[in-house]
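2 protein chains.
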Amino acid sequence: MSRDWQQLLYSTIPLSVAMQVGVIDHPDGRAELTAPLAPNVNDKGTGFGGSLATLATLAGWIEVRRQLDLLSLDEAAEIVIQHGNTEYLHPVTADFTALVEPVDAAELARFGKLFARRGMARLGVRVQLLCHAQCCAVFHGEYVASSV
Amino acid sequence: MSRDWQQLLYSTIPLSVAMQVGVIDHPDGRAELTAPLAPNVNDKGTGFGGSLATLATLAGWIEVRRQLDLLSLDEAAEIVIQHGNTEYLHPVTADFTALVEPVDAAELARFGKLFARRGMARLGVRVQLLCHAQCCAVFHGEYVASSV
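Quick note, the sequences are listed as chains A and R, same order. Heads up, the first sequence is in my numbering, so the first residue is 1 and it goes up one at a time. Heads up, the second sequence is in my numbering, so the first residue is 1 and it goes up one at a time.
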């Protein structure tokens, strides 16, 4: 199953509309989220930390949803974030994107097995915030997926 | 010096407008930030994790600015977030607020001394995300203040 991520975000999360989040579908299936600087700027004229953390939170959430789909698991599973951690490395001076790192295969196998057995499992996702091909922040999120 | 925090946020950070952030000034001087649920909702009808982390990021930023003002330090100092960490404890089911915990006095003294000497110092701030008087998430942010 393939999803229209932007439509999903825009129809359920108003902040994604305010941030003008866009989606680039990668050939390997990952969704890279884009955000223009203007609606996501701070008092210093650079990317606002809250916008960076939020874009990464969305990218991680989409990745967990996508992995559930790939494993042909519960299409209606609820995915909630349990923990989010952002390290800010460099100022973001232009439009930026959030790209998840490929999830570790062993970790993913464990996630799929646990979810299939218990209808609930936790997955950790790392996300890079990129601007002009430089990694300006790193996010790590832990998400819990559960059957409703 | 006393500042109009909402005016400061709205004039510099567009996302604070989209989130409809409000400010409650506490008698002890702390600013509690408010956010209505509607523009900050997620796909589950509860408070979106990105909005919670963002409101806390703003609350921490304001607290560092306020402490610099209280210490009569650089009015134009730049404050940037270096690290943000959010633990999500309970779903947010209604309008919510972000309230900084009082900063440790020893930590604050160290911050003021370092800033006065070097024009740069780091301050850690803890923020509670509250809904119906329940703490639904805890944020810890580290901010760097520097003279420009």
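Watch out, some of these pointers could steer you wrong.
Claimed, not checked - Derived SDA-like pairs (lysine to any residue); straight-line CA-CA distance at most 25 Å:
| no. | chain 1 | residue 1 | chain 2 | residue 2 |
| --- | --- | --- | --- | --- |
| 1 | A | Lys44 | R | Ala94 |
| 2 | R | Lys44 | A | Arg117 |
| 3 | A | Lys44 | R | Asn85 |
| 4 | A | Lys44 | A | Arg117 |
| 5 | R | Lys44 | A | Cys135 |
| 6 | R | Lys113 | R | Ala94 |
| 7 | A | Lys44 | A | Asp95 |
| 8 | A | Lys44 | R | Ala77 |
| 9 | R | Lys113 | R | Ser72 |
| 10 | R | Lys44 | A | Glu78 |
| 11 | R | Lys44 | R | Glu78 |
| 12 | A | Lys44 | R | Asp43 |
| 13 | A | Lys113 | A | Arg65 |
| 14 | R | Lys44 | A | Met120 |
| 15 | A | Lys44 | R | Cys131 |
| 16 | R | Lys113 | R | Asp28 |
| 17 | R | Lys44 | R | Cys131 |
| 18 | R | Lys113 | R | Ser2 |
| 19 | R | Lys44 | A | Leu71 |
| 20 | A | Lys44 | A | Arg65 |
| 21 | R | Lys44 | A | Val148 |
| 22 | A | Lys44 | A | Cys135 |
| 23 | A | Lys44 | R | Asp28 |
Note that these hints are calculated values from the structure, not bench results.
Structure-based check of all given hints:
1. A/Lys44 to R/Ala94: Given that 25 Å is the threshold and the Cα spacing comes to 32 Å, the pair is violated.
2. R/Lys44 to A/Arg117: 24 Å, holds
3. A/Lys44 to R/Asn85: 22 Å, holds
4. A/Lys44 to A/Arg117: Violated, at roughly 49 Å.
5. R/Lys44 to A/Cys135: Not OK: lysine 44 of chain R and cysteine 135 of chain A at ~31 Å, beyond 25 Å, violated.
6. R/Lys113 to R/Ala94: 41 Å, violated
7. A/Lys44 to A/Asp95: 15 Å, holds
8. A/Lys44 to R/Ala77: Holds. Lysine 44 of chain A to alanine 77 of chain R sits at ~11 Å (cutoff 25 Å).
9. R/Lys113 to R/Ser72: 12 Å, holds
10. R/Lys44 to A/Glu78: Satisfied, since the Cα-Cα distance of roughly 8 Å is no more than 25 Å.
11. R/Lys44 to R/Glu78: Judged against 25 Å, a Cα distance of about 37 Å means the pair is violated.
12. A/Lys44 to R/Asp43: 32 Å, violated
13. A/Lys113 to A/Arg65: 16 Å, holds
14. R/Lys44 to A/Met120: At roughly 17 Å apart (the allowed maximum being 25 Å), methionine 120 of chain A and lysine 44 of chain R satisfy the hint.
15. A/Lys44 to R/Cys131: Violated - the C-alpha atoms of cysteine 131 of chain R and lysine 44 of chain A are around 31 Å apart, more than 25 Å.
16. R/Lys113 to R/Asp28: 23 Å, holds
17. R/Lys44 to R/Cys131: 16 Å, holds
18. R/Lys113 to R/Ser2: 22 Å, holds
19. R/Lys44 to A/Leu71: Holds - the C-alpha atoms of leucine 71 of chain A and lysine 44 of chain R are around 22 Å apart, at most 25 Å.
20. A/Lys44 to A/Arg65: Violated, because 35 Å separates the two Cα atoms, which is more than 25 Å.
21. R/Lys44 to A/Val148: 11 Å, holds
22. A/Lys44 to A/Cys135: 19 Å, holds
23. A/Lys44 to R/Asp28: Outside the cut-off at roughly 28 Å; violated.
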